[in-house]
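*Asks:* What follows is the residue order along each chain.
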Amino acid sequence: MGSVNAKNMKAGVLATIVCGILLIVSLSGCTDNTPPVTEKVLIFACAGDADKLDPADVTDGESTARTDSIFEGLVEYKEGSAEIQPCLATSWIITPDGKNMTFTLRQGVKFHDGTDFNADAVVFSFERQYNTSHPYNQYGEWAYWGYMFSDIQKVEKIDNYTVKIVLSRPNAAIMTSLAMFTVAIVSPTNAETWKEDAFKNPVGTGPFKFVEWIKDDHITVEAFDDYWRGAPKLDKVIYRVITDPSARLLAIQAGEIHGMEYPDPASFDAIEADADLKLLTAPGMNVGYLAMNNGYGYNDTNHNGMHDQDEAWVKTPGYFEPFTNKSVRQAVNYAINKTSIVENLYKGTAIVAKNGMPPFMLGWNDAIVDYPYDPERARELLTEAGYANGFNTTFWVMPVSRPYMFDPSKIGEAIQAYLEAVNISVEIYQIDWSTYLAKTQAGEHPMCLLGWTGDNGDPDNFMNVLYGANQCTLGTAGNVAFYNNTEVQDLLSQALQTYDVDERARLYEEAQVLINEDAPFVYLAHANQNIIFTKNIQGFVLNPTARYFFYPVDMT
Amino acid sequence: MKWYIIKRLLQIIPVILGVTLIAFALIHLAPGDPVRTMLGQHATQMEIDDIRAKYGLDQPLYVQYFIWLSDVLQGDLGRSILSHEQVTTEIGSRFPNTIELAIAAMLFAILIGVVAGIISATKQYSVADYSVMGLALFGISMPVFWLGIMLMMIFGVFLGWLPIGGRIDLLLPFQRLTGFMVIDSIITLNGAALISVLRHLILPAIALGTIPMAIIARTTRSSMLEVLRQDFIRTERAKGLSERKVIYKHAIRNAMVPVVTVIGLNFGLLLSGAILTETVFSWPGVGRLVVDAVYARDYPLVIGCILVFALVFVIVNLITDILYTFIDPRIHYD
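So the protein sequences, as listed, match chains V and C.
At position 223 of the first sequence (counting the first as 1) the number is 223 in our numbering, and the numbers step up by one without a gap.
Plus 1000 on top of the position in the second sequence (first one is 1) and you've got our numbering.
Bear in mind the hints are in silico, worked out from the structure with no lab data behind them.
Please note: incorrect hints may appear among the correct ones.
[To be verified] Subject to a maximum C-alpha distance of 35 Å in a straight line, what follows is the list of computed DSBU-like cross-link-like pairs (lysine-lysine):
{"hint": "1", "chain 1": "C", "residue 1": "Lys-1054", "chain 2": "V", "residue 2": "Lys-315"}
{"hint": "2", "chain 1": "C", "residue 1": "Lys-1054", "chain 2": "V", "residue 2": "Lys-164"}
{"hint": "3", "chain 1": "C", "residue 1": "Lys-1054", "chain 2": "V", "residue 2": "Lys-157"}
{"hint": "4", "chain 1": "C", "residue 1": "Lys-1054", "chain 2": "V", "residue 2": "Lys-195"}
{"hint": "5", "chain 1": "V", "residue 1": "Lys-439", "chain 2": "C", "residue 2": "Lys-1054"}
{"hint": "6", "chain 1": "C", "residue 1": "Lys-1054", "chain 2": "V", "residue 2": "Lys-99"}
[Claimed, not checked] If you only want the chain C side, here are some residues facing chain V, beta carbon under 7 Å, derived:
{"hint": "7", "residue": "Met-1046"}
{"hint": "8", "residue": "Met-1152"}
{"hint": "9", "residue": "Leu-1170"}
Since the structure is predicted, the reported quantities are computational estimates derived from the model, not experimental observations.
All C-beta atoms in this analysis are idealised placements derived from N, C-alpha and C, irrespective of residue type, glycine included.
Go ahead and model the full structure; you've got the sequences and the hints to work with.
*Replies:* Structure follows, in C-alpha cells:
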C-alpha cells in the first residue's frame, strides 16, 4: 500500500460524491422523456389493490372497481341509478309463479379472447358457483352466492342464445341482484386455459380488456375495439394504488393522475379552490347506525337462513335488560344529536338518517317522523321506564373507518357524551375489526356502532338483511340489534316474494313504521360518496352502487 | 474462512426455525380471523366452516405448523388466503422493489453520512461540526411519514422536479425481466425508463435513508475521534506525514469497523422502516405487503414475509462479519 493507493482512494471518494451530486441534479432538473402522447390514457388512483380479478370470487370494492371495466352481466344498472336495464340479455320473461326466468341473449358479442358469448358461457359462469361437483367450483370461495343467490336452483341452456334461471321460491330482488358483479359472465375458454390462476387473467365482454397487473402498483386495461356498443373513447385506463389519502391528493395536484377515490373530507375546501380539479359528490347507498342489543338470538341449525319453529330463541351473550325496554331505546334515540354528528364528524358530506336505508331506494318511507334531539324527553322516558338514575353499560365502537362511518372513534365519543347527559354512562370498547365483526355478529355487545353498504340496490338488501328476525343468527347475524318483531319479518318476507313494485314498496314502508316505533337502532347517517377528477375528464357518473364505469368517459 | 461461512450458514437453520415458530404462534394467538376478513359482513356459518377447513385452519396449531414446515421444505410457502396467489409469487413480485429502495437509501445514507462524519470529526467543535451534528439530530428525530409528505410537497408539487410516488412513469414502455427495475431498464437498454426509474427512486430513498444517514454520521464521527486520539496517529504525525494522509490513509480505515457494523444492522432495519416509506410513496414493496397481510390475518403470507425478512437479516449480518476481515486484516475467523 503506497501513497498512490491513498490518492486513488481519495480521488475515488471525490469522484463518487461529484457523480452522485451531478446525477441527482441532472435527474431532478430534467423531466421524463415521455414520447409525445396521442393515446388517451386515464390514470385513476385507488386506495388499495384488488384482491382478485374474478368478479364472482370477490367481496371488496377495490376488486370490483377493476372488474367493472372488464366484465358485464345479463342485466346492468342504468347510469347513476340502481334500476336495471338489459345488457348481455336483451329481454326476459318471468312466469306468473315468479320461479322461472327465461333470458334471450344478445348475439354477436365477443369475449376479449375472441370466443363467442353464448348460453354456454352464461351457464358456466353461474354453475361453477353453485354446483359443488362442477370442475371449476374448487377455484373460488364464491362468497356472495350463498348470501344473495341461493334461491337460484339451476341455470339451464335452452338453445345457444336462450337460458332459463329456475328459482326455488319467488324472489323479487333477484333481478337487481343479477346486475351485480358476482354474476358477471366470464369466458369459459379462458377459465379452462388458466384454471386456478384465471383470477389474475380476466377475460370478459366489457369495454376494456385486461393488460397487466403489477401487484400493489397498478392494473392496466385497454380499449376493446370489438366491444358490442362500440369502442370506448379512452385508449387505456390505469388503476394506480396510492393508499395514503394525502399522497393521492398531492399526486392529482402534481398532475400525475387524473382521478382519485376517497378524498379526505378535510381537504374539500382546498379541492374546490383548485381550478384544475372537480369534486363529484353523490348520495351513497349506505347507512351508519347504533344498535342496541334486544337479546333475541337463535342458532340456524339447518342453515336455511330462516328462523324455524324448532330453532329456539336464546338470550344473546350481550343481553342487557334496559335495552329490552322500548322506552329506553326511544330515550337513546332522543338523546343523540345526529345533526351535529353529521355536520361535524361526517364533515357535512352525509345526510341525517331517519330510516334504515337511504332515501333514493324503493319503499323508503318519507312519512316517518324522526326522533328529534330532545334530552329532556329522553330523561322523562328513562324515568317512566324505571331508570331515573340511568344505568351503566359498554359501548362497542368500530376500530376502522368505513364508507358509512368515516370516524367511528370520534362518533363514539360524541355519543358517549350525549348519553352521559341523560345519565346513561357508557364505557367505550374497541377491538380489531375482524374480531369486532365476529363478536357483534355473535351478539356479545350491549350496544355497538356498525353500518352497511348496499350490494345490489334492492331494498331487501337493507331491510331483510339488517332488520329481519331471520337475521338474528348467533355468530353470523346481520341484525346486530337482535331485534325480533315477527310482524316486521312477515312484511319483509312477503315483500321479497312480491313482484308488483307499488305493493312491494308499501310493504317496506309499513315495516319502517314498526321499526321506527320499536327503535332498536339509532340510524345516524347516510354518507355521500366523493371522487375527484381533473377538469379535462368528462362523462364520469357516480353510481349508488359505488361502481366505477369508464366506458362513457372521455378526456380532452 | 470457508469453514466459518459454512458454520454460519448452518446456524441459519435453527434461527429460521425459531423465528417462524414464534411468528406462527404469535399471529395465530392474536385475535382476528382471516376467513371473516375475507367474507366480510354477510358470511354464513357454513361458508366460514368450509373455508376454515379448506385452509386447514380447523386443525390444532402444532399440526398446522408441521404441515406448513413440511410444505416449506418442499419449497411451497402455500397460497395467500385473501388473494389466492402463491405466497412465493406475492413476495417475489414485491421483494426486488424493497431491495432496490433499501440499496438506494443506503447508498444515500453512506455517501452523505460518512463524509459528514469525517468532516465533523476532523473539524471538531467548529461550525461545520455543530451544523452536521445538528442536522444528524434533526434527521434522527424526523418522522418518516412527515418527511415523505414534505419532500413530495416541495419537490413534487411546488417545484415539480420529481415524481410523487410509484416506480416509473406508467406511460413509458417497459419490459419486466428480473423485477429489479433499474437492472431491467439497463438490460433492455431502455434509457428513458432508466431515467424515470431513478427519478422515482430519489425522494423515497432520501426519506428512508435520512435516519440511517444520521446514525452513520454520528458513528463515523465518534469512531474517527477515537482513532485520531490513538498512539499510531500521533506517531504518523510525528513522522511528518501530512494531515490529509494521516486521515484518509490511516485513520478512516481504522475507524470503519464500527461504521460497517452500523451499516449492516441498519440495512436490516431499513426493510422494516420501508413500511412507512412504501405507504407514503405508493411503493409496491414487501413492507406494505406484510402490513396488509397482518391486518387481514393472512397467516401464510405473514409467515412467508417473516421468513424472508429473517433470511435477509441473517445474510446481511453474515456479509457484515465477512467484510470486517477485508477492512481490518487483524480480524480473522479461523
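*Asks:* Does each hint hold? Answer for all of them.
*Replies:* Evaluated hints:
no., hint, in the structure
1, Lys-1054/C - Lys-315/V, "holds (32 Å)"
2, Lys-1054/C - Lys-164/V, "holds (32 Å)"
3, Lys-1054/C - Lys-157/V, "holds (31 Å)"
4, Lys-1054/C - Lys-195/V, "holds (18 Å)"
5, Lys-439/V - Lys-1054/C, "holds (23 Å)"
6, Lys-1054/C - Lys-99/V, "holds (33 Å)"
7, Met-1046, "holds (5 Å)"
8, Met-1152, "holds (5 Å)"
9, Leu-1170, "holds (5 Å)"
When held up to the earlier numbered hints, the structure conflicts with none and fits them all.
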